[in-house]
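Here is how the chains run, residue by residue.
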Amino acid sequence: MINKTVANADEAVKDIFDNATLMLGGFGLCGIPENCIAALIRKGVRGLTCISNNAGVDDFGIGLMLKTKQVKKMISSYVGENAEFERQLLSGELEVELIPQGTLATRCMMAGYGIPAFYTPAGVGTEVANQKETRNFKGKEYLMEHAFDADFAIVKAWKGDAAGNLVFRGTARNFNPLMAMAGKITIAEVEELVEVGELDPNEIHTPGIYVNRIFKGENYEKRIEQRTIRKG
Amino acid sequence: MINKTVANADEAVKDIFDNATLMLGGFGLCGIPENCIAALIRKGVRGLTCISNNAGVDDFGIGLMLKTKQVKKMISSYVGENAEFERQLLSGELEVELIPQGTLATRCMMAGYGIPAFYTPAGVGTEVANQKETRNFKGKEYLMEHAFDADFAIVKAWKGDAAGNLVFRGTARNFNPLMAMAGKITIAEVEELVEVGELDPNEIHTPGIYVNRIFKGENYEKRIEQRTIRKG
Amino acid sequence: MALTKEQIAQRIARELQNGFYVNLGIGIPTLVANYIPQGMNVVLQSENGLLGMGPFPYENEVDADIINAGKQTITTLPGTSFFDSAMSFGMIRSQRIDLTVLGAMEVSENGDIANWKIPGKMVKGMGGAMDLVASAKNIVVAMMQTNPKGESKLLPACTLPLTGQKCIKKVCTELGYYEIKDGAFHLIELAPGVTVNEIKAKTAGKLVVPDGVREMTF
Amino acid sequence: MALTKEQIAQRIARELQNGFYVNLGIGIPTLVANYIPQGMNVVLQSENGLLGMGPFPYENEVDADIINAGKQTITTLPGTSFFDSAMSFGMIRSQRIDLTVLGAMEVSENGDIANWKIPGKMVKGMGGAMDLVASAKNIVVAMMQTNPKGESKLLPACTLPLTGQKCIKKVCTELGYYEIKDGAFHLIELAPGVTVNEIKAKTAGKLVVPDGVREMTF
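Protein chains in written order, with the working numbering: chain R, 8 to 239; chain W, 8 to 239; chain X, 16 to 233; chain C, 16 to 233.
It should be emphasised that the hints constitute simulated quantities derived from the structure, not laboratory data.
Check each hint, because a few of them may be wrong.
Using 16 Å as the maximum straight-line C-alpha spacing, the simulated EDC-like pairs for lysine to aspartate or glutamate come out as follows [claimed, not checked]:
{"no.": "1", "chain 1": "X", "residue 1": "139", "chain 2": "R", "residue 2": "88"}
{"no.": "2", "chain 1": "R", "residue 1": "145", "chain 2": "W", "residue 2": "156"}
{"no.": "3", "chain 1": "R", "residue 1": "229", "chain 2": "X", "residue 2": "76"}
{"no.": "4", "chain 1": "C", "residue 1": "139", "chain 2": "W", "residue 2": "134"}
{"no.": "5", "chain 1": "X", "residue 1": "136", "chain 2": "R", "residue 2": "88"}
{"no.": "6", "chain 1": "R", "residue 1": "191", "chain 2": "C", "residue 2": "113"}
{"no.": "7", "chain 1": "C", "residue 1": "139", "chain 2": "W", "residue 2": "88"}
{"no.": "8", "chain 1": "W", "residue 1": "166", "chain 2": "C", "residue 2": "80"}
{"no.": "9", "chain 1": "W", "residue 1": "191", "chain 2": "X", "residue 2": "113"}
{"no.": "10", "chain 1": "X", "residue 1": "139", "chain 2": "R", "residue 2": "65"}
{"no.": "11", "chain 1": "C", "residue 1": "136", "chain 2": "W", "residue 2": "88"}
{"no.": "12", "chain 1": "C", "residue 1": "139", "chain 2": "W", "residue 2": "104"}
{"no.": "13", "chain 1": "X", "residue 1": "132", "chain 2": "R", "residue 2": "104"}
{"no.": "14", "chain 1": "X", "residue 1": "132", "chain 2": "R", "residue 2": "88"}
{"no.": "15", "chain 1": "W", "residue 1": "223", "chain 2": "W", "residue 2": "202"}
{"no.": "16", "chain 1": "W", "residue 1": "229", "chain 2": "C", "residue 2": "78"}
{"no.": "17", "chain 1": "R", "residue 1": "229", "chain 2": "X", "residue 2": "80"}
{"no.": "18", "chain 1": "W", "residue 1": "191", "chain 2": "W", "residue 2": "22"}
{"no.": "19", "chain 1": "R", "residue 1": "229", "chain 2": "X", "residue 2": "78"}
{"no.": "20", "chain 1": "R", "residue 1": "238", "chain 2": "X", "residue 2": "76"}
{"no.": "21", "chain 1": "X", "residue 1": "139", "chain 2": "R", "residue 2": "102"}
{"no.": "22", "chain 1": "X", "residue 1": "181", "chain 2": "R", "residue 2": "148"}
{"no.": "23", "chain 1": "W", "residue 1": "229", "chain 2": "C", "residue 2": "80"}
{"no.": "24", "chain 1": "R", "residue 1": "80", "chain 2": "R", "residue 2": "104"}
{"no.": "25", "chain 1": "W", "residue 1": "238", "chain 2": "C", "residue 2": "74"}
{"no.": "26", "chain 1": "R", "residue 1": "166", "chain 2": "W", "residue 2": "210"}
{"no.": "27", "chain 1": "X", "residue 1": "152", "chain 2": "R", "residue 2": "148"}
{"no.": "28", "chain 1": "X", "residue 1": "136", "chain 2": "R", "residue 2": "93"}
{"no.": "29", "chain 1": "C", "residue 1": "139", "chain 2": "W", "residue 2": "93"}
{"no.": "30", "chain 1": "C", "residue 1": "136", "chain 2": "W", "residue 2": "93"}
{"no.": "31", "chain 1": "R", "residue 1": "238", "chain 2": "X", "residue 2": "74"}
{"no.": "32", "chain 1": "C", "residue 1": "139", "chain 2": "W", "residue 2": "91"}
{"no.": "33", "chain 1": "W", "residue 1": "238", "chain 2": "C", "residue 2": "76"}
{"no.": "34", "chain 1": "X", "residue 1": "132", "chain 2": "R", "residue 2": "134"}
{"no.": "35", "chain 1": "R", "residue 1": "166", "chain 2": "X", "residue 2": "80"}
{"no.": "36", "chain 1": "C", "residue 1": "152", "chain 2": "W", "residue 2": "148"}
{"no.": "37", "chain 1": "C", "residue 1": "139", "chain 2": "W", "residue 2": "65"}
{"no.": "38", "chain 1": "C", "residue 1": "132", "chain 2": "W", "residue 2": "88"}
{"no.": "39", "chain 1": "X", "residue 1": "139", "chain 2": "R", "residue 2": "134"}
None of the values given here were measured: they were computed from a predicted structure.
Generate coordinates for the entire structure from the input sequences, incorporating the hints supplied.
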């Protein structure tokens, strides 16, 4: 097996350059690459274009990189509640491209599948369709959408091994396996780095071929955005 | 949970009609729906169009349905060694459409993903490109290919539950989960039908929403096409 | 008397059928889950990647890795499956979801919907709404009939940027239940005690009131 | 002396580098696996849905659910993963495979390949060959230099229906090792004892023989 392990987050992100395009896994604060985000802040790389479904909150997730003004552009489906985000957007410091969530997910997947373009009905007849080619298949209108092109994909998995195989847990899976397939360089941080051979080959979500670097993350906070409980 | 179980293969295939288009999972003889094929032969339904990567061998798999002349057309990537197949093809009894394997797999997946068309480089400059639209993306030529449209998908899984959740084993996975997503009606036969809740929700390959009928298959032969061994 | 939010949800829940896969949006739509009839098998899909959503967790069950599309902590049920967001929207686009319930800012008489953007205000994004409305075969909108200014949200044409075109089949407001067809809002049922005149006053789009329209009962 | 099939495989194996993901076709290409240098980490992909292919099983290890793209029973290794065929060809199309080795009936001087169909003969199908040749960044063809009639298979243009266009980078035959570039077969190495004259006689396409071309050693 090919050994993809690196020592830590700082080593994993060391060649991420100013003005790079990054994919960052996670939905809300669930399944986000906490360690790599911290390392990117320590590194101070700037001018980033971030493809991520959401933009974190003011004091966690990608929100932390917004505070340090490292992000030039967000490509997201929902940017939620984030005061600093709103301030930068209104002041023109930050650019935002909003994309339907299914289209965002599929554009990642298609990059990993080597399919340059595909058709989806999402956004037909809306401003999302501006400048886009439409086409009718069997009486229904579709937009042509393109695979993303990202310099780096940064994902967070539950378990992984040195060969780069990844397993996700619960809804922390979300965009992570899609982005893992889509980066020119894919960096995976995992809660548990297990021995090669320990993962059941039937249960691997991301085969190691898609992963270039893997490391065991530390001190996961796994913050909850909406803690909803029932009494009992 | 919604209960998708049916008693047996005969009940599962009972509404498959003459001239229907079927997807049949499996690669070679690996992971083929043995029980449903037997039931289709008992039922005697005719004029079938079968989308399946291969066409079985003379005395097993889809080959058995060729023998009974139930198949009008095969859509496959490789039809292998099958004397009866060859005879019917040369006599004009059987129609064959050959499709690159990756294109076949992806056309199934796209049906399940609600994507009517996509672009692939496979077949550019060959006779596969005849009548197909080509398009250049970033300097490379691609063909436009369409999602399949099948009346029924018939797949074989290792484990499944009454909710229709499926887990595949080894390379018997192949086209099965792709076709499971792609049929108007999807029928799954499984080696083990387990209690709902027994499958780990992280490890389900095909979520039950895609499966309409499920049953425990019997007497799997699991024939091996090329028994290659080393001495030791 | 106008329906409460709970009653809107309760009325929409009557659309449920045994064996339905259902996607519920944030807000009133979420409440529909509380009115699934006992013994009816309905499976809830959450578009971040979950089929078979259970109720909120007890305090000791909270799991940061298990949330719904509203980012709320939730639980699983026997038969639950997790998957990535591309497969999730694959289910949606390939029309495996039998019923989708969404909130809206405006709905038009031809079934257009606007629910994601108000020009001049901070835009948070469409999330999965555009995928859902472009794909779902059976969409019911749950909303108030008028906006805070008292203006009808059932319009001849949407004034806000669209989320989707000609896609909404039914609307339930606090005043009535409407089917959208042939370019009009067809009143199917009235909220208890609400008059047709009040409906007419608060429907800007083309309205069809059949003879003997029924009153809802709860 | 012309190379044996094993020697062709052995020569191609010298293209392997540590960390390579490799797809080997049926026939001579399969033999390349026998010549992976000790200590070099190379992972074999099988396009039916397997990464990390091991050797053939011992009699008691045979498992009908674990086969390769040639439908042969094989084994797994620590780190193996299984996946569906769409993801498998996804890896291929997105160019994650570092080296692809295929057999061929004909190769042209501009890198076209024909290896799936002979008009008038029963056509078995292209399998995954068209996907592989259209996508792979680094393809080496392993074949005999001439057909059974003694005619060159290194041609100005393929006469058989194409599998792919301008995609082959290198060819290894029993006589020599060629790089295809600038519309010609560039002889890189000669089989031991084979003369440039023999190569010339058996190459119908444009041939470039650099000064001092090396002889292979084994």
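| message | With the threshold set at 16 Å, check whether the alpha-carbon distance from residue 152 of chain X to residue 148 of chain R stays at or below it. | response | This hinted pair holds, its Cα atoms lying about 15 Å apart.
| message | With the threshold set at 16 Å, check whether the alpha-carbon distance from residue 229 of chain R to residue 80 of chain X stays at or below it. | response | holds, 8 Å
| request: Would you check the hint for residue 191 of chain W and residue 113 of chain X, treating anything up to 16 Å between C-alpha atoms as holding? | output: Answer holds: residue 191 of chain W to residue 113 of chain X is near 14 Å, not above 16 Å.
| message | Would the hint linking residue 132 of chain X and residue 134 of chain R be met if the CA-CA limit is 16 Å? | response | holds, 11 Å
| request: Sort out whether residue 76 of chain X lies within 16 Å of residue 229 of chain R, counting only the CA atoms. | output: holds, 15 Å
| query | When you check the alpha-carbon spacing of residue 145 of chain R and residue 156 of chain W, does it fall within 16 Å? | reply | With Cα atoms ~11 Å apart, residue 145 of chain R and residue 156 of chain W stay inside 16 Å; holds.
| Agreement of residue 139 of chain C and residue 65 of chain W with the hint, judged by alpha carbon distance not exceeding 16 Å | Holds, because 14 Å separates the two Cα atoms, which is no more than 16 Å.
| If you draw a straight line from the CA of residue 139 of chain X to the CA of residue 65 of chain R, is it 16 Å or shorter? | holds, 14 Å
| Can the restraint linking residue 229 of chain W and residue 80 of chain C be considered satisfied, given a maximum Cα separation of 16 Å? | Answer holds: residue 229 of chain W to residue 80 of chain C is near 8 Å, not above 16 Å.
| Between residue 136 of chain C and residue 88 of chain W, does the CA-CA distance stay at or below 16 Å? | Given that 16 Å is the threshold and the Cα spacing comes to 13 Å, the pair holds.
| said: Please verify whether residue 139 of chain C and residue 104 of chain W have alpha carbons no more than 16 Å apart. | reply: holds, 11 Å
| query | Are residue 166 of chain R and residue 210 of chain W close enough, with their CA atoms no more than 16 Å apart? | reply | holds, 13 Å
Going through the hint list in order, the structure satisfies each hint without exception.
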